[in-house]
Amino acid sequence: MIMNATIAEYSDLLEALLPAYDKLSLFPPSAAGGGEGIIRSDVFLQGDALPEDEVAIVAVIDHVVPFAHHLLTAADGHSRVASIWLQDGVADLSPRPDIAFGLELRGSEIDLLRQGGNGHPRSEEEIYRAIGLMEPGRRDARWMMRASSHGAAVACTAAGFLPDDRAGRAHPLIAVGLPDWALADTSGAVMPLLLQASVVFIISRARMLAAEINADRAQRGKPPVRPPIVVNISLGITAGPRDGTSLIERMHDVISAQPPSDLGQVHFVLASGNTRQRRQNAVLKAGADAPGEIGWNLPPDDRTISELQIWAPVLPAGAPAIRLRLTLPGAASAPARSIETAFDDPVGAGAQIAMILDDQERELARLVLQAFARGDRLRQCLTMIVPPTASDKPGPVLSPPGTWQIELLPGGPSPCDVVVQRDDRLFGFPRAGRQSWLVDPTYVERDAHGHWQAADPADPSAIRRNGTANAYAWGERQLRVGAHYRIGPWHADDGPTRRLSSYAGLLANGDCGDLTAAGDRCVALPGVPAPGLRGRATQIVSGTSIAAPRITRWLAARMAGSTPPMTRSQIVTAAKNGPGNPAGVPFVDIPMPWDR
46 MIMNATIAEY SDLLEALLPA YDKLSLFPPS AAGGGEGIIR SDVFLQGDAL PEDEVAIVAV
106 IDHVVPFAHH LLTAADGHSR VASIWLQDGV ADLSPRPDIA FGLELRGSEI DLLRQGGNGH
166 PRSEEEIYRA IGLMEPGRRD ARWMMRASSH GAAVACTAAG FLPDDRAGRA HPLIAVGLPD
226 WALADTSGAV MPLLLQASVV FIISRARMLA AEINADRAQR GKPPVRPPIV VNISLGITAG
286 PRDGTSLIER MHDVISAQPP SDLGQVHFVL ASGNTRQRRQ NAVLKAGADA PGEIGWNLPP
346 DDRTISELQI WAPVLPAGAP AIRLRLTLPG AASAPARSIE TAFDDPVGAG AQIAMILDDQ
406 ERELARLVLQ AFARGDRLRQ CLTMIVPPTA SDKPGPVLSP PGTWQIELLP GGPSPCDVVV
466 QRDDRLFGFP RAGRQSWLVD PTYVERDAHG HWQAADPADP SAIRRNGTAN AYAWGERQLR
526 VGAHYRIGPW HADDGPTRRL SSYAGLLANG DCGDLTAAGD RCVALPGVPA PGLRGRATQI
586 VSGTSIAAPR ITRWLAARMA GSTPPMTRSQ IVTAAKNGPG NPAGVPFVDI PMPWDR
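Numbering-wise, the sequence shown is residues 46 to 641 according to our numbering.
Treat each hint with caution, since some may be false.
Claimed, not checked - Restraint-style ranges between C-beta atoms, simulated for each label pair:
1. Pro-627 with Gly-182: 46 to 56 Å
2. Ser-86 with Trp-497: 48 to 58 Å
3. Gln-322 with Glu-452: 20 to 30 Å
FYI, nobody ran anything at the bench for these hints, they're computed from the structure.
Positions of the beta carbon are idealized from the N, C-alpha and C atoms, including for glycine.
Based on the provided sequences and hints, a complete structural model is requested.
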């Protein structure tokens with residue numbers, strides 16, 4: 046039902062995807078290494094890549110996952126990547142029926158690609174070239190030519206082992222490589238469809254892999270097993286309902302609560318995000334003595350749209366609509382304009398649209414009031430969408446840069462959450478968006494000692510740090526991972542915990558995730574080492590995106606053991622009881638083969 050709702054919501058995107066990938070049903074002339082293409086095989090794992098006794102499947106959804114990396118191979122050279130779905134890969138001549146677009150490779154197919162067709166094994170680079178992933182002439186096939194990628198750091202941290210380390214046999218990898226165009230839009234406009242499809246793919250392939258593992262165990266006279274899965278998603282956005290009702294959160298919770306009968310427990314590990322100090326969250330209250338007004342700063346030279354959402358509490362149908370007074374940035378030649386919204390009170394789920402026009406009837410902003418069903422009640426969301434503040438092309442309507450004043454008026458719902466949608470640029474992508482932020486003169490960023498603030502004080506200003514966690518990660522069963530410094534004291538003399546990172550998004554109660562892992566070496570050395578794309582290359586990666594796969598690696602080892610933790614609370618307790626942990630701090634700090 047959840048997947049059907051996702052497909053219905055993104056039907057236009059699916060219609061656009063399928064014809065586009067049909068046109069790529071043949072390999073480009075140089076992509077098949079002499080025209081041999083991919084030799085199809087339904088086998089997932091071979092030889093030393095098959096688990097011996099313990100097993101816990103690791104799954105990763107990310108961008109540019111190096112499936113031929115030596116850290117993802119067994120001692121005999123077989124791939125430990127059971128399956129990977131390259132969502133923007135060049136479609137094969139004979140695609141599998143459940144792969145609507147892109148390309149799936151299974152472990153045995155990766156092994157065949159590695160063997161080559163001329164008597165000597167292919168290198169990692171030759172494998173990627175053989176299937177069209179390294180083509181300078183194609184914009185979507187250049188990432189593998191680089192030395193590093195987000196997906197390389199995440200996948201190899203979560204499931205990478207030296208080939209002669211037999212611990213790797215217990216953790217086969219199922220991966221999904223997201224397309225470039227989905228990551229380039231950091232607002233996540235199309236991401237829910239791709240993430241939901243990725244989860245369905247992972248569960249499907251995990252069940253097939255479980256059958257293959259049990260067939261191998263039967264030949265060895267061993268009883269069948271139900272392999273657990275730990276799914277890592279080091280991706281996120283900032284805006285959304287943040288109440289566990291999004292399609293992504295609902296799917297994760299349902300699968301975790303009721304995993305398929307042939308699989309063990311399924312855990313979803315998500316990064317909590319890095320936006321605590323970016324002033325993208327606030328709470329407004331209507332009334333003379335309440336923080337009912339805030340500024341929204343739109344930077345110049347922003348070539349993408351900006352979005353702000355205002356979420357009301359859950360109220361009965363027919364409750365008053367959200368009421369705002371908006372004051373646009375003014376200038377000497379164009380004085381500031383104030384506009385009040387006048388939406389009808391929503392009586393059921395649906396949407397209303399209004400536009401702010403300039404003197405020439407050009408659209409300066411679009412306001413969309415949506416009402417979402419919450420049982421027999423409704424939750425309203427008023428979304429403001431404004432055009433870019435700059436463009437490389439003449440003609441398009443531009444939004445005036447500067448500070449828009451937003452005031453919550455009496456007579457409507459109060460208090461309301463204000464959330465600015467993510468609009469930055471990921472490393473390695475062309476520059477386009479610039480992040481907007483909220484402005485409150487009473488907000489204090491640092492404490493008396495000059496440290497970045499942690500949780501909100503008892504009497505906070507409008508801008509909040511509590512509740513800045515990843516908007517994909519508000520489910521009841523998901524694991525939200527914060528970040529800490531590997532070096533430093535846990536408790537300072539002035540009270541607050543100083544080893545927790547200053548940037549990690551906070552849960553609604555002010556916690557830095559359910560548990561934390563290293564996201565930086567120390568305050569003076571941001572980031573931690575992680576594998577690069579090929580060979581023995583390393584890269585330095587910072588943030589909760591790299592802390593999450595460290596938790597995934599630690600949790601997968603526990604899930605493969607005799608007493609796997611089944612719930613979020615059991616996992617947090619296991620982290621708190623780890624060796625050397627200070628009382629009450631759920632942190633994990635495991636050694637990695639490449640740490641230094």
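Fill in: Whether the CB-CB distance between Ser-86 and Trp-497 falls inside 48 to 58 Å
52 Å, holds
Fill in: Cβ separation of Pro-627 and Gly-182, checked against the hinted range 46 to 56 Å
55 Å, holds
Discussion item. The hint says 20 to 30 Å between Gln-322 and Glu-452; measuring C-beta to C-beta, is that right?
Written reply: Holds: the Cβ-Cβ distance is about 25 Å, inside 20 to 30 Å.
In terms of the numbered hints stated before, the structure departs from none.
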